[in-house]
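2 protein chains.
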Amino acid sequence: MIKIIVDCFGGDHSPDANIDGSLSALAKMPDLYLILTGDEAILKAKLEGRDYDHARLEIVHAPEVIGCDEKPTDVIRLKKESSMVKGIRLLRDEDEIAGMVSVGSTGALVTAALVRIGRLKGVIRPAFCPILPTMAGGIVGICDSGANVEVTPDHLRQFAIMSSLYLENVYNVKNPRIALLNVGKEAEKGDDLRKEAYKLLETTENINFVGNMESRDLLSGNYDAVVCDGFSGNVLVKTTEGTALELLKKIKKDIFSRTIYKIGALLMKRMFAEEKEFMNYQNYGGSVLLGTSKVVVKGHGSSKAVAIEKCIEQAYRMKVSELGEKIETEILKYEHYEDA
Amino acid sequence: MIKIIVDCFGGDHSPDANIDGSLSALAKMPDLYLILTGDEAILKAKLEGRDYDHARLEIVHAPEVIGCDEKPTDVIRLKKESSMVKGIRLLRDEDEIAGMVSVGSTGALVTAALVRIGRLKGVIRPAFCPILPTMAGGIVGICDSGANVEVTPDHLRQFAIMSSLYLENVYNVKNPRIALLNVGKEAEKGDDLRKEAYKLLETTENINFVGNMESRDLLSGNYDAVVCDGFSGNVLVKTTEGTALELLKKIKKDIFSRTIYKIGALLMKRMFAEEKEFMNYQNYGGSVLLGTSKVVVKGHGSSKAVAIEKCIEQAYRMKVSELGEKIETEILKYEHYEDA
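Going down the list, the sequences are from chains L and X.
All the letters of the first sequence, read from the start, carry residue numbers 1 to 340 under the numbering used here.
All the letters of the second sequence, read from the start, carry residue numbers 1 to 340 under the numbering used here.
Simulated from the structure, these hints should not be mistaken for lab results.
A portion of the hints provided could be inaccurate.
Which copy? The list can't say, so a pair holds if one copy fits it or any two copies do.
Claimed, not checked - In silico BS3-like pairs for lysine-lysine, Cα to Cα no more than 27 Å straight-line:
1. Lys185 <-> Lys276
2. Lys199 <-> Lys304
3. Lys195 <-> Lys250
4. Lys71 <-> Lys195
5. Lys326 <-> Lys121
6. Lys28 <-> Lys121
7. Lys250 <-> Lys174
8. Lys199 <-> Lys276
9. Lys253 <-> Lys319
Since the model is a prediction, treat every value here as computed from it, not as a measurement.
Use the sequences and the hints to build the structure in full.
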């Protein structure tokens, strides 16, 4: 049985989306066991009359609620009975629990995970690795997308090792093509950080480093994962999502400017719905935190049931593929310098 | 008469696009005088029989060609007779020449401009400021988009002052809304650089600082310019262009998957053409270099005639609005620390 905690609060559509996503995941994965954290009375009432395998779902009462402007360090200290912090504590204390999914505050989750769960052996800094769809029909991972705004070449090498193993083990990508985000494709481009990282990546065994990538090529399908500092990774992911959504919104608006466009759009209705669905990050699950000693998946705050289900599936696959053990094996081949 | 140099080589469509763009600009602006640099025989042959005001155009012979993989520092030292380096020298030496437009190597142009032209008084680092269209029908400037991969809070403040004046004087944007690119909207987000820059920007007079901007909101129309380090600015601009182009390409491909879509698309043909045109950066001119003592505009390497014409127009407006003088006045209000 694979045991995963689902933090049922903290999202825009919580707890309904969290519950619905949990029940779908349970129905699809026969060896999945879920532990839902949150206010027991609310969760019980919502589950009343629903059809699911009661032997594979339990509720852990955690009545406190985290406000969106609370400081991450205060949250783990003061909100011990919140669905997130209690979940993280359970994850730490119970050996047989594999991972946790949360759509709550990113800052609080990262802090709680780092302080309470700790890192895999040899990992200097855990990093987020969200997945985006490419226009070629595949996917691309971005590591780090915001857990570490400042990084060293050594961190970037670890991000490359971790994201390569993630793509290979969780998404079955063979020999993932790993790129370094830079301002140009040539090896000598960028600041000292990128130049140094480029050299390290070239000499790293067991990763298929294909050189620098310019951000305009992210969706080209030529790369399986791109490594970067958390600041520019955050810009990369949010700009991609933002531009796609804004452009589709503009097209939708423009359609209403002339009758002939409206007729044309009517014929293409299904196609437009598919494009929107294609760019909907909810379908690609959450941003997994690579490098923590247990699995932590952060779903978007606006996650609906389908996104929650994907997050649970990601956590499940990370566990069954023994991703953590594989990351440790590769990372420990290199000497890494701890931060001061 | 406003005198501007047009470097006629170095682009994908050079020299034809450069010549065509120059002649359109001449026809539209009666007090514009252009100096075309490049191989005289080629330029003369191309101009033969064309209809333009001969009294307002001259050619300066510069036969050397810059290869795309030449080192910027080598270029200015060894390619003195190239259209770019000779243009920059003319710009430096002739008081009555206001600026220069080039679509050649970015690195060589920045290096040549910094070494030969120098900076406005008080400016620590000149920065690129390209313009993108927003989905609300306006424009947004990004400063810096790649001239400085590493910056300090002081640099970011100068970028804010320069881009604000640029938007106001060249694009008639009243009281431009200036934002700081960050990983979240709250004031305490980001690394030390962003936190420190936020404080400086809050206390800078004569700019309308509206706080942090997340990259997903770049095209929202809520901001007139965003300041950032050149690395993440480069990611921001190229991701926006890349995503929009890839998405339009995908839509085009998907249209051919079903007959009904093809019929629909036929009715919407003009709209799709307009969307493509709307996202075509060629229509928004080049990336001006803010902070040099004379005007330097860098057009995209793939610039066609319309883009060249826009670049000339940008250079012209920067001169007539006395942007340089205005930047000096504002910048000199603050004590800035020179780089080592």
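Hint-by-hint comparison with the structure:
no. : hint              : result
1   : Lys185 <-> Lys276 : between (31 Å within a copy, 26 Å between copies)
2   : Lys199 <-> Lys304 : neither (42 Å within a copy, 37 Å between copies)
3   : Lys195 <-> Lys250 : neither (39 Å within a copy, 34 Å between copies)
4   : Lys71 <-> Lys195  : between (36 Å within a copy, 16 Å between copies)
5   : Lys326 <-> Lys121 : within (11 Å within a copy, 56 Å between copies)
6   : Lys28 <-> Lys121  : neither (33 Å within a copy, 67 Å between copies)
7   : Lys250 <-> Lys174 : between (37 Å within a copy, 25 Å between copies)
8   : Lys199 <-> Lys276 : neither (39 Å within a copy, 39 Å between copies)
9   : Lys253 <-> Lys319 : neither (44 Å within a copy, 38 Å between copies)
The structure fails hints 2, 3, 6, 8 and 9 (numbered hints given earlier, in ascending order).
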